[in-house]
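**Q** So you can see what is in the structure, the chains are spelled out below.
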Amino acid sequence: EPEVTQTPSHQVTQMGQEVILRCVPISNHLYFYWYRQILGQKVEFLVSFYNNEISEKSEIFDDQFSVERPDGSNFTLKIRSTKLEDSAMYFCASSGDRGTDTQYFGPGTRLTVL
Amino acid sequence: AQTVTQSQPEMSVQEAETVTLSCTYDTSESDYYLFWYKQPPSRQMILVIRQEAYKQQNATENRFSVNFQKAAKSFSLKISDSQLGDAAMYFCAYVHSGAGSYQLTFGKGTKLSVIP
Chain A
1 EPEVTQTPSH QVTQMGQEVI LRCVPISNHL YFYWYRQILG QKVEFLVSFY
51 NNEISEKSEI FDDQFSVERP DGSNFTLKIR STKLEDSAMY FCASSGDRGT
101 DTQYFGPGTR LTVL
Chain B
1 AQTVTQSQPE MSVQEAETVT LSCTYDTSES DYYLFWYKQP PSRQMILVIR
51 QEAYKQQNAT ENRFSVNFQK AAKSFSLKIS DSQLGDAAMY FCAYVHSGAG
101 SYQLTFGKGT KLSVIP
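Residue numbers (our numbering), protein chains in the order written: chain A, 1 to 114; chain B, 1 to 116.
Treat the hints as calculated values from the structure; they're not laboratory data.
Ideal placement from N, C-alpha and C gives every residue a C-beta, glycine not left out.
You may find that some hints are simply not true.
Said to hold, decoys possible - List time: in silico EDC-like cross-link candidates among lysine to aspartate or glutamate, alpha-carbon distance up to 16 angstroms: (1) Lys78(B) with Glu15(B); (2) Lys57(A) with Glu68(A); (3) Lys73(B) with Asp31(B); (4) Lys83(A) with Glu18(A); (5) Lys42(A) with Glu10(B); (6) Lys108(B) with Glu44(A).
Unchecked claim - Stretch by stretch, here's where chain A covers chain B in the computed footprint (C-beta under 8 angstroms, at least three residues): (7) 31–43; (8) 103–111.
Work out the full structure, taking the sequences as your base and the hints as a guide.
**A** And the structure:
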């Protein structure tokens with residue numbers, strides 16, 4: 001069964017460093033998302049991406065964040081200058097050819113900022 | 001803005017018994033979708049069940065079923081014949097089906113423990 005994959009599973013970085021989190025969505029999906037979950041809290045939406053552009057973003061997704069689909073398979077989230085409060089689990093999700101299709105999540109990347 | 005409320009931070013159930021997890025939501029929209037996701041200790045988010053608001057029939061998926069009450073804005077999850085592998089965090093989520101806005105809004109979750 002097709003699944004969303006994410007790398008790395010765990011990333012440790014120093015405050016102020018740039019990190020890139022990588023995702024490979026399900027191959028025939030057209031909508032891509034990033035969510036984050038701070039430990040012990042609920043899952044929060046960051047950004048959605050469709051047709052090679054951001055379709056929606058939350059207040060959390062400020063200028064420090066960017067997304068890119070550099071080729072036909074990868075979908076990346078970049079944090080330019082990490083802060084301690086960026087420590088969280090980051091989930092990539094994808095859905096089919098309609099925005100209301102079910103979103104399938106990857107296993108997540110645990111980001112730890114020291 | 002839409003909100004999703006899960007009023008039970010923790011629940012427990014005996015193995016083989018039935019448990020119901022509650023979820024209410026607030027929206028002014030008439031067309032939307034509701035989901036239950038399971039998050040085991042591995043923290044992967046796994047889809048359990050999906051309900052379309054326009055469908056009156058409650059969704060079922062093997063041992064999992066929902067009680068969808070649109071007028072009351074209630075969407076509870078029933079797990080029958082509970083198994084040890086059902087122990088996890090369960091998140092209720094909402095998405096509006098309006099054009100261009102497909103972000104999932106999650107509740108805070110219910111931690112389910114299954115007692116052998």
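**Q** For each hint, tell me whether it holds in the structure or not.
**A** Going through the hints against the structure:
| no. | hint | result |
| --- | --- | --- |
| 1 | Lys78(B) with Glu15(B) | 14 angstroms, holds |
| 2 | Lys57(A) with Glu68(A) | 14 angstroms, holds |
| 3 | Lys73(B) with Asp31(B) | 12 angstroms, holds |
| 4 | Lys83(A) with Glu18(A) | 10 angstroms, holds |
| 5 | Lys42(A) with Glu10(B) | 14 angstroms, holds |
| 6 | Lys108(B) with Glu44(A) | 10 angstroms, holds |
| 7 | 31–43 | holds (count 5) |
| 8 | 103–111 | holds (count 7) |
The structure is consistent with each of the numbered hints, conforming to all of them.
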